[in-house]
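Chains as they are written, first to last, in the working numbering: chain F, 88 to 315; chain X, 3 to 395.
It should be emphasised that the hints constitute simulated quantities derived from the structure, not laboratory data. Bear in mind the structure is a predicted one, so any value in this text is a computation, not a measurement. The beta-carbon is built from N, C-alpha and C at its ideal position, and this holds for glycine as well. Among the hints, erroneous ones may be present.
[Stated by the list, open to error] Covered, in the sense of this in silico footprint (three residues per stretch, anywhere, with C-beta under 8 Å from a C-beta of chain F), are these stretches of chain X: (1) 7-14; (2) 291-299; (3) 382-391.
[To be verified] Counterexamples of contact, computed for chain F against chain X with all Cβ distances above 12 Å: (4) H214; (5) A225; (6) A260; (7) K269; (8) E295; (9) L310.
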Amino acid sequence: MSAISVEKVSKIHNSGRPNEFRAIVDLSIDIPSGQTTILAGPSGSGKTTFLALLGLMSRPSSGRIAIQGKETTLLSESFRTVFRRHHIGFVFQHFNLVPDLTVKENLDLVLYPNGMTLKRIRSVREHVLERFGLLNKADYRAALLSGGEKQRLAIGRALMNDPEIVLIDEPTAHLDTALSKKVIDLFLSLKKEKRTLIIASHDPLVLESGIADRLVHLRDGRLVEEAA
Amino acid sequence: MRSFLYSFDFSIRSLLRRKTKNLSITLLFALIVFIFSGIDFMSNSLYESTLRALEFQPSIIVQKVKAGRQVPISLDGADKISNIFGVAEVRGRVWGYYFDPYTGANYTIMGAPEGLLERDILPTSLDRFHKETQPLRHGEAFAGIGVLEARGLIVGEELYFNDCEDKPVAFKVRGAFSSTVSLWTYDMIVVTEADARSLFGVDRRKAWDLAVYVPNEFEVPRVGEKIISMIPGARVIATDQLKRTYGSSFGFRSGVLLASSMTCLLAFLILAYDRVAGLSQEEQKEIAILKAVGWQTRDVIRLNMQQSLILSLSGFLLGIVLSYYHVFATNAPLLRMVFSGWSVLYPPYPLPPFVDPSKIFGLMFLTVVPFIAVGIVPVWKASIKDPEEVFRS
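Bound conformation, chain X alone (with noise of 0.2 Å):
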């Protein structure tokens, strides 16, 4: 043990002798690292706030599809779906985007049915500023932290828009939702449905969608596929299929970014390589000398393992340091256009922080041990010979 903690303590001033060399092979792991979990990072954290605004959603959406683009859907076809076996309940939603000149900013407005409570709308996100359980009226509103943000607003003021006919329409904010689901509330406005239909100028016996909610998930193919054959033109989407689409998008951008760091990576294996290749002429001396005075080969390769480790977990740690905080303090400026869209690029989302600590190990065992494991061969190369042999040469 003791010999453990010397060799140790001499990895580290050795390592010191070299700081140069040493910082920059540092610095580049830490870069390589940097690059790749933040696009994990990223790519997680959306893609688990996404699954969780999702548990909220509809099990369906149904959709009308007129010369390939969405159109107003008609009332009756909800009441023909919920008379499907294994249907709770249809709902027709009345939603849109508004488009705010004053902070250039994209908000989504949803009109709820009246006499919604707060508990039924995303029902944990709203634990901010208000927990009432009065029923949504006419003129009120919920809105996302970055509407009120990006207006300078609180809780209990008015929000103002101009409606579909140009006139000024003012909703009083009663509460804000949480950054638990950033990612869908933050743009986001629940007005009543009367509202939101007075707003965006929609007619009475239509709505912008339905959302189908079905008990039983392994009835959702079987109920959609009865929606398509009453409403012809139908356009079904299903929850999971969204989830899927979301999972392969942010996989694909992930994958997109991988490949531009392809640079990173080909840095790493030249470092990979150099290890490989052999020791300098220095660096053989060295651990001639050391063998010259007793050190047996296993302490030689210790001490090359010890200084391999010192080097990459310090590269590592300061590579996921320095990307989680710019994913999850800075929101991550270098990496957020690769993911976002262009609708949702204003006003920004906080990214909450979720980390899947298997992927953590999984990188460091993917730089980490490679990195060891490489130098150990020409050490040992370089510790079976004979110290004579190197003296010499």
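Bound conformation, chain F alone (with noise of 0.2 Å):
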């Protein structure tokens, strides 16, 4: 069964504005459940949009997406947020932390809107926090933690809701060798919970790490290549 299945999505930024930008064009693709695909592609080809699309956050200009077998693009903007809330979690290239806020203040945001208890959200918040080694950070600001931290706390972010689907956009681009290594390892660990991972990344170390059961190819907004 496919997770995301795209049909002649096109998006065009600035749309009838001399700075018109088409950033993605007639892009069509299935994404099965539980394999990871990895959208490879220079920066500017549309890989960051293409995500931003899958992820309910951006509405194509034409065009359908449909995920997990629901008609998305008509949906209002509030059922695409809770659509969004429920089944999907998001990785930022920048983090997209909110940087005065504490690390468990940012986990706990996610589950707020939900309705559940207290007591319910401090045990989801301290599961992530334990496995993406946080707990000793918990009570810092999130602008004070290094890069790598960042990028496992908003990867614990994405995971709060325990999403079917991982949006996840140049994880490793502001990371070294080593951290970029622990990241892949804790993506790899997200594939064994059978998890749709989504990842963004033209970083060589993501593309060989074997990660990913389908390689993308994006080029000016258009699927040039596909590969298992």
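Using the supplied hints, reconstruct the complex from the two chains, each of which is provided in its own coordinate frame.
This is the structure we're talking about:
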């Protein structure tokens, strides 16, 4: 079964303006459930825009995207947000943490709107902190963390709502080789949990890590090559 | 409910992140509320004290005016007025001001008919020290607390004055007025009419003014017209007229103060404009992060409203408490000069606490509600944007 089905999706930024830019052009792809797909391609090839479309953080200019069989393109903003909350985790290239909040507050943010008990929130948070080696940093402000810690926190935050689909944008862009390998190991553990991972990266370390079930190349917003 | 509590908890922690900025907003809010509520507390308290004191006043006061100045009035007029239908009683009043060179205070000395009982004058006010029903006699006085404090006396001791011929006169203090009508009694001394005449040198057939009591308030204007026709040159003052004068006087003074507080209002408007004008990039990004992790627009707006509510309500309550303390505990040193005339500057009278809840709610409605409301639109605008759009910018 497809976790995500994309049909002739285009995304045009600044439509109708002099600086109009076609970030994604007629892209179609099926992403199977429980597999890891790597979106490769040079900077500006549309990887981040495509991930944002899959993460329902942006609407396509045309085409349709179905996630877990549900057509999402025409959903209202409110439904898209709730859908994202329950099914999708997102790890941003620039982490997008709230710098003034502590590590645990950044994690709790995800579960606040769910109406969980405080006990349950604590339990989920403690589990994530432990898993990503951030227990001793729980009360640190996110701004004070190192690059590796920020990345681990960003991944932990993406997993707080236990999503089936995790979208990861350039996870090793700000990390040295040693940290990058650690982060890749984390993804391998997620892969074992049979989550659907979609990783946008042009880092050879990621591409050659063997994590990918499928490698997709993008160039100028188009799918140019696909390899299993 | 849970998510509401969590977002409330998150609101507080969020506010604590920007302590300086949020503390400044709260303090500015408190300052504005302090000034506006202070003016209101003060004018209300003065006006209510006045109304309370005026309850004991006659319906009409008749004065004789010559060359635009008040002069003693003949008591013959009192006999004529008492014959007017509807008039229950007419009293000639002997009273005047006494400057006390030792304390720098101006006292009001009032002559009362011999044999007057404590309960007959300002009946509810004599609840301290002595609750006797013995008539006031020659050489005795009831005094305001301000007088006793200024002179360092207690009930039972003697008050000394110099009469119009500069001879010393002593009065034994029989009782003290309570603080319930302090605006009018704080500096007041009541002695027998004969003692007042002797102190001020007022002729036996004359009084300083005439107090006319008319039980039916609807007859007051007609009685007033008759008095004017009977006594040429008489100035007739109705108590209702006094109430209106005091009301407009305090209203005018509070208006003057409010006008001079425009800079604060301007600061408030700038604060509001800052909120309407839009959010900083940092704030927009934070909203986009919340949206990205699953917060709906309504969650974000609720968070913003809670933060605004916490800020504005803290500022409001702080302003109200400080204002209440300033006006009623410290006697409003910052506002008193504007509201008080020169003649009552000393001895300083305490302001009886009087708070009109409807005005407090009115002020809250005019400050807290707009402050919350103006923040909604920019937050809504930011929260309906796609998170990706914000991250890209």
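Is the nearest CB of chain X more than 12 Å from the CB of A260 of chain F? Correct as stated: the minimum Cβ-Cβ distance to chain X is 14 Å, above 12 Å.
Verify this label for me: K269 of chain F is non-interface relative to chain X, using a Cβ-Cβ cutoff of 12 Å. The claim stands: K269 of chain F keeps its Cβ more than 12 Å from every Cβ of chain X (closest is about 24 Å).
Is the nearest Cβ of chain X still more than 12 Å from the Cβ of L310 of chain F? It holds; L310 of chain F is separated from chain X by about 20 Å at its closest Cβ, greater than 12 Å.
Taking 8 Å as the C-beta cutoff, is the stated coverage of the region 291-299 of chain X by chain F satisfied by three or more residues? holds (count 9)
Chain F over the region 7-14 of chain X, status - at least 3 residues with CB closer than 8 Å: holds (count 3)
Minimum C-beta separation from E295 of chain F to chain X exceeding 12 Å: can you confirm that? Label holds. Min Cβ-Cβ 29 Å, cutoff 12 Å.
At least three residues with a C-beta closer than 8 Å to a C-beta of chain F: is that true for the region 382-391 of chain X? holds (count 5)
Distance rule for H214 of chain F, whose beta carbon must clear each one in chain X by more than 12 Å: Answer for H214 of chain F: holds, closest chain X Cβ roughly 17 Å.
Decide, holds or violated, for the assertion that all CB atoms of chain X are farther than 12 Å from the CB of A225 of chain F. Holds, since 14 Å exceeds 12 Å.
Every hint from the earlier list agrees with this structure, and none is contradicted.
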